[in-house]
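Protein chains in written order, with the working numbering: chain A, 1 to 340; chain B, 1 to 340; chain C, 1 to 340; chain D, 1 to 340.
If you are wondering where the hints come from, they were derived from the structure by calculation, not from laboratory data.
Computed from a prediction, not measured in an experiment: that's the story for all the values here.
For glycine and all other residues, C-beta sits at the position ideal for the given N, C-alpha and C.
Please note that a few of the clues may not be correct.
Sample of chain A residues facing chain C (criterion: CB under 8 Å; computed from the structure) [to be verified]:
| # | residue |
| --- | --- |
| 1 | Ser186 |
| 2 | Arg190 |
| 3 | Lys193 |
| 4 | Thr196 |
| 5 | Cys201 |
| 6 | Glu203 |
| 7 | Asp243 |
To give an idea of the interface, some chain B residues facing chain A are shown, with a C-beta separation under 10 Å as derived from the structure [what the hints assert, rightly or not]:
| # | residue |
| --- | --- |
| 8 | Val113 |
| 9 | Gly184 |
| 10 | Phe235 |
| 11 | Asp243 |
| 12 | Ile253 |
| 13 | Arg300 |
Spelled out from the first residue to the last, the chains are:
Protein chains: 4
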Amino acid sequence: MIAMTVRVGILGATGYTALELLKILVHHPEVEVTSLTTRQEDRPHVSSVHPQFHKVLDLHLENLGPSELAERCDCVFGCLPHAASASVIPEMLEAGMKVVDLSADYRLNDPAVYAQWYGADHPDAERMKTTIYGLPELFREGIAEAQLVANPGCYPTGVSLSLAPLLKNGFIRPDGIIADCKSGVSGAGRTPKLGTLYPECNESFAAYGVGTHRHMPEIEQNLSVYSGKAVSVIFTPHLVPMDRGILSTCYAIPDKDASEKELLALLEETYANEPFVRVRSDLPATKHVAGTNFCDITVRRVKDRVLTISCIDNLIKGASGAAVQNFNLMYGFAETTALL
Amino acid sequence: MIAMTVRVGILGATGYTALELLKILVHHPEVEVTSLTTRQEDRPHVSSVHPQFHKVLDLHLENLGPSELAERCDCVFGCLPHAASASVIPEMLEAGMKVVDLSADYRLNDPAVYAQWYGADHPDAERMKTTIYGLPELFREGIAEAQLVANPGCYPTGVSLSLAPLLKNGFIRPDGIIADCKSGVSGAGRTPKLGTLYPECNESFAAYGVGTHRHMPEIEQNLSVYSGKAVSVIFTPHLVPMDRGILSTCYAIPDKDASEKELLALLEETYANEPFVRVRSDLPATKHVAGTNFCDITVRRVKDRVLTISCIDNLIKGASGAAVQNFNLMYGFAETTALL
Amino acid sequence: MIAMTVRVGILGATGYTALELLKILVHHPEVEVTSLTTRQEDRPHVSSVHPQFHKVLDLHLENLGPSELAERCDCVFGCLPHAASASVIPEMLEAGMKVVDLSADYRLNDPAVYAQWYGADHPDAERMKTTIYGLPELFREGIAEAQLVANPGCYPTGVSLSLAPLLKNGFIRPDGIIADCKSGVSGAGRTPKLGTLYPECNESFAAYGVGTHRHMPEIEQNLSVYSGKAVSVIFTPHLVPMDRGILSTCYAIPDKDASEKELLALLEETYANEPFVRVRSDLPATKHVAGTNFCDITVRRVKDRVLTISCIDNLIKGASGAAVQNFNLMYGFAETTALL
Amino acid sequence: MIAMTVRVGILGATGYTALELLKILVHHPEVEVTSLTTRQEDRPHVSSVHPQFHKVLDLHLENLGPSELAERCDCVFGCLPHAASASVIPEMLEAGMKVVDLSADYRLNDPAVYAQWYGADHPDAERMKTTIYGLPELFREGIAEAQLVANPGCYPTGVSLSLAPLLKNGFIRPDGIIADCKSGVSGAGRTPKLGTLYPECNESFAAYGVGTHRHMPEIEQNLSVYSGKAVSVIFTPHLVPMDRGILSTCYAIPDKDASEKELLALLEETYANEPFVRVRSDLPATKHVAGTNFCDITVRRVKDRVLTISCIDNLIKGASGAAVQNFNLMYGFAETTALL
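So here's chain A without its partners, still in its complex pose (with noise of 0.2 Å):
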């Protein structure tokens, strides 16, 4: 086999996730990052977006069109918000390219739920029903063979590994889930707003869109599709004043019985193959993933409930970890590549 780099192009490079994306790629002995996308006209060189690339990295973020990228790239990392990802990226694959799409356009698979939660019908609707949800420790096969991968939500990432083999394996009911998560600020993204400006949400600590967030219908979407059952969740977010992690606090009613013991085998048994769950008997930090594209995972037996606890660095498996992991199962490299 001839060695052959990959030529990647990152959509709308100037928030968080792309930054991360960039660290990652900069590293991945396979790729060659060669274009940066943004709307601004006046070509920024990356170092003057993410001072971090001074001297690392010699690109500048352009406005460019499909045709432009298709010459230069491969493949793309779309970190567009939703709705101006799903504008664009059909015309990325009529081009030719492989896409993961970090934005929300391609998660859900039925247009209601997503005109429902999103408010507003979906521009792509035939492709968004069949596109593969790209969480590989629960769907792998398909994301080999898909030009175009939906990478999973932050929160999604966390509450659903730890859920999903309970609900298979039917130690928990599929009604009455709890889902307390709590998020750094990262997760809100780099544009300016009150809400996250730093004396706003330091030393502060709330719950934001409680009933109303859109990673809701996702976990239901994942824990049914996995599990063959129709799930329910009580999805609460939390805003936590650090930078990145999320722990995902998990309460499920017991389906029947068994011990603590029993379902921490089961998870251990569930994930032993997998290079990025690691299930451990204590109780995990968001600290103790940071940096990195492990999910730790934990269960508890209290009184007369299941709990699980997990944690992932939100902007590495819970986003450009996580959609370099599709990216390596999409081409054929070793899953691991440049995540460990």
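Guided by the hints, dock chains B, C and D onto chain A, whose structure is given.
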């Protein structure tokens, strides 16, 4: 009536609750702080222990016994660790002083429950059975006449205030309640420990004491006594990288049909005359109660659950502010004195 | 004398200095806050702008002109940006109100220096030449009679208080002074900007405005006027990942021989009767003045230099507390009213 | 040449520098980590000491003597406290191992200076006089042949790299230099102490060790040796509420006329071929070097002074990254191996 200044002492004056108590008491118009105790024998000046008081308070911390304290104090606030507290408070009471105990020692009323959760028989079991629990919003009656008041735990305060009216009025079931709570680090005290070292908990979020935290039976006792039902709660505390504040997200199963609006109205009505409970329709944040004795509460209906979210400053309404509120009631001062 | 409540307004009530001002003024026994202004036309309730005031203050922010304000207010505090402030304050004064201006507009007394540093001619140049600079510890005389007081900048407060006595008494040279200053993020205001977004400044430390910050000429003016010497200062501000507090480390060349002890004694003596300056022999920390109107100062001799280190809460002694201190002097109230 | 894996041990593997060292070494293609030491006798698994290594590294910390280490290791990294380090390193060297010592013990070359600053005679004085100081950018020659390398202190690294070229080329005077430095809390180590407890240093900023910090003579030695002049520096360290990063703001008196542009050009030229020093014209921030072995430097002219500002990650370029850089030189590996 002749204005009589109350001479006050603080037992165990080196920690954070003592610091906050002092900050409040130096502004209390009816109080003179006369004594601060420590086990250290070198009589440190308060400004060497708490540099905030440089040129504000000219007192030394001293290793004082009950009779010495009784000569100088009418009332003492106990900021000792549990067990240490119950070993000295009986003597304080016998010496004629009133006591507000901020430790956990007199909060539970059932010696068997105490023994189960604290791993030892209670040294003053008869007294604990009848000691009043100083959460005025739920149990104001009796505080005014008490010689000893057990000051509530930080987590139980926010959880109990948000759930109690819903339970008592039959809107939620007494079983299947989940209290997912998040606290700033000051709640862990001022004794140096690896777990609360800055580089360990900064930029990290984790659960602790899952299923084993001693505030669980305290919450259940409060809610059971107040509602007249046997209440069962799963309580999960988490550590937030911030100094102060507790947010409690509680999930309960509805017991009768009620809209969000009706539930909010019930809370509004219950606390209409309470100076320190602020029911609000928007989502509370710990920053908005920081440095105050307020407990902010809201309620939500999501799918088949009722959610309450409450915020307090763990060191004020969760400890020292509540202690002064109790003190004010015990001495017939306006309940809000030095607290608004 | 009949107790007369002063009716007070705040111009530009949406930011952090206005928030802190309100927190102080609601506890001021001689004040009634009657008006809060904004350019917004939708009359937001103060609790929607500052959720801290839910059930504490029942006022709306309004777009009010000078005559409307004059009907409701005896005195206004200006929390507008520079330039905006000087464009409305003349009308406030003509309408008979007293004004404490927290902007930079009337701090400098030389129109040429203003033009150089602010890039435009001063719109009210005659008045600026004679406006009193409200740093009572250095320039108390005249504040009581003033109709307009220019409230000092945050950095100049700490730097000036620590160096002024040493300069005036000839202990340090007026040239070669370095003021290396570090501020919490609230000093950058409440307008959303990339640079003060949480994930940008959390876990980071950086200098800004090196050699170009507008507080440099303000510091030099203060020290020159107070000492009667032409003082030159190099001022370097830095951003600290915390909400509030400024620490200033200043380095000066000795001008006569003096021990650390003698220098400390000079500071002690200078500020012996000042209620808000606390000279201390140990090293100050911003935490120990947080939430107070104190300025903590120490002095050190290291090799061939004199060092001063001072701490303030940038929003209190560096802004809103100082403003109330000036207000108290202007109205003949005890200087410490509502501030201790 | 036969590829030979170097067998490596870490002395004192429980702290933050050991943690960072391990993170780097597990990715080093020429290294096998065989031994981790501790004084504890219970052989804790590395994942119980550093939960980050769960399922990543399967090693136990052991209390090992020199001969046991020599059987397993070709090279050891010393992460012991000063004094403890010099008491075991001679035996390591005699047993034939190479040593990179991250403690302060072999950094100074003058036993009298050591005795003055460390309060005791050096236990291995002859060796310290000639031990090479492992700051490759200034003293690369000799590292390759050394059996023992003294790894630089965190503060001296950033300060020395920014000032050395200016001194050596006569642009600044060797006297009157001020180094005002700010460090994240991890620099204080992992031993629980009141001063580094989260609620003590969060939301606070303070100086410490003013005029007495042991990195002062180390900086002066570096700059004097490199420039050939007797350099005097006033060094003031401060603690920043963040995990990692050091920013050093240095002030020097010009010794010949040079513009900011010329000074920047000198730095650019000096470090043109250094892989880890990034001269930049914009202002550096610690966040932009966090997690990397880079030292970012800029220079400014303000009034009658030259300012340099440099940033490093105190745990990487200020400790463990530099140690691996030295290790690479000692073994003839590419200097950037495992560091870029």
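Tell me the hint numbers this structure goes against, listed in increasing order.
Structure breaks hint 8 only.
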